[in-house]
Amino acid sequence: MEKKIREYVQHYFRNDRREDIDSLINEIIANLLDKYHHYLQSGDDEETAYVNTIKSMGDFFDQTQTSSEYNLKPTWADVALVVSIILGVFSVVSLVLASSLAYILIILSIGSFGAAAYFLYASSQYALLQDCDVLAHNLLLKKLFKYLKSAFISWTISLSVMFGQLLASIVFLIQGSTFASLMLQGGIWTIIVIYSITFFLSFGIFIALFYLLYLRLRYRYTDLTGETTLKSHITDVKTFLYMDSSTPQEKYDQLGRKILLGVNQIIHSKGYVLILSLLLILSTFFMIGYFWHYSIGQSAQEIKLTLWSALQLSDWSLIAGLFLGYGLVLVVLILNTKQKRHLWFLLVILMLSCYIHFSTMQGIVELHLGKFPYSAFSHMDSLFYDVMTYVIFANLLLSILFGIVNKVRLYQKKQVH
Amino acid sequence: MDLTGDLLRGHTDAILLSILQTQDSYGYEINQRIFKQSNQLFSLTEATLYTSFKRLEKDGYIVSYWKDGINQVPRKYYSITILGQEYLKKHIDSYHKATAVIQTFLGGTHGKED
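So the protein sequences, as listed, match chains A and B. Count along the first sequence from 1, add 1, and you get the number used in our numbering. Count along the second sequence from 1, add 10, and you get the number used in our numbering.
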């Protein structure tokens, strides 16, 4: 048991990087061993003495980040909720691979959520009426409600695609055509337009439905528990991933995520920002130098043509594009780690970087394969890039919109206080 | 809520200093004294104890040294400094003044004068 006490204390301080930590650990172990022997002499058995000794340690770190619902013993319903979320996410993924699998997964996801929700709600009511335990009542409800957002998001996407497909089939039926016949006639555009419209239509319907349902349930949660705040499962996961470990400066380490810690340190280092800036400047310099070199003594029309051909044929411009792509991905990482998160904004940068990155990658590969006329750049006006461009701009608009809404909300909050 | 515990916790530093004023001591022994002297009503967790020790050491009110205790087990002993003694004196003084004021309200005579 003494060994167990030593191991417990050493494990407890495993991430503490204080200089005098060894001294503190030895001091605590010595005192806890004294206490343990005292409990044994008072008549406790070894197991009880051990538990009492460890309990007397108290809390050396601020552990308020640990969710309060862990005060209740987990039941099958907790597992069912997690399974439901995982199945929901898989149903979204499987929509791309096999839609029939997606149907099965979403049924299972909703089914397991429903069963768990009933069990937790019934248990909470039992705890309140029979045991008069308000704390257990609130915790059980919290367990249930915090998974709502994650579940609703995955269900909204899956159901929108499914419902969109159903609507599209109805449209085909009314048109008197089928998916196969349209494909044979080269009506790929018609198919894409119909599918896009039906998807966005059903997405709008489902997002409105689930959002209203969520608001209603959220109100009900406050009504039942008196709690005005509810940390969602998504927030919990984020807290878990980014939680402060034993000491504030040792983020991520507690989870043994040394790689993440390393990446974080690199990103926060001044040298990294300098290298990144240099890379971006260098790539821009090469691009400008290239255009300058080829544009001497040329007319405006010729310069334009040169620029266009440079964009299409130069390795350098493609490499510059690559750097830009990487650079933007890293900007996302920096913004993310510095807590200046704005989901829509990040999404715009991420998509933009993917857009540039993949087109330049494709360009380079095709250039060296001697198939450049079919390169990404010559297909800039193709459907894929059009869609990408529209999505990026739509995101950008949404980003601005959400930004404004957020600012207004913050302003209103300030006014209230 | 344990009101006694809360009240006592506000004086943890002073209680530790008062024990150290009689003799140098180490964590477990100090906690045992608190437990016995309070008629087994009050004891500190290791975390509270070491947070207090650390604070007092940082402020220069105590100093620590390692010494072999019973069964040759090394223990970290704490000793009160002159600065610590002065602080304790001031704290005791403030405590008496505050108690006298509280006594006038909660001492059993208040409200009976009419």
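Honestly, I wouldn't trust all of these hints.
Ranges between beta-carbon positions, derived for each pair [said to hold, decoys possible]:
1. A:224 <-> B:96: 56 to 62 angstroms
2. B:111 <-> A:56: 36 to 42 angstroms
3. A:74 <-> B:96: 50 to 56 angstroms
Computed list of lysine to aspartate or glutamate pairs in EDC-like fashion (alpha-carbon distance at most 20 angstroms, straight line) [said to hold, decoys possible]:
4. A:5 <-> A:60
5. B:86 <-> A:46
6. B:64 <-> A:23
7. A:5 <-> A:46
8. B:68 <-> A:46
9. B:64 <-> A:17
10. B:107 <-> B:69
11. B:68 <-> A:21
12. B:107 <-> B:96
In case anyone wonders, no lab produced these hints; they're calculated from the structure. Here a beta-carbon is modelled for each residue, glycine too, at the ideal position from N, C-alpha and C.
| Violating hint indices (sorted, rising) | 5, 8 and 10
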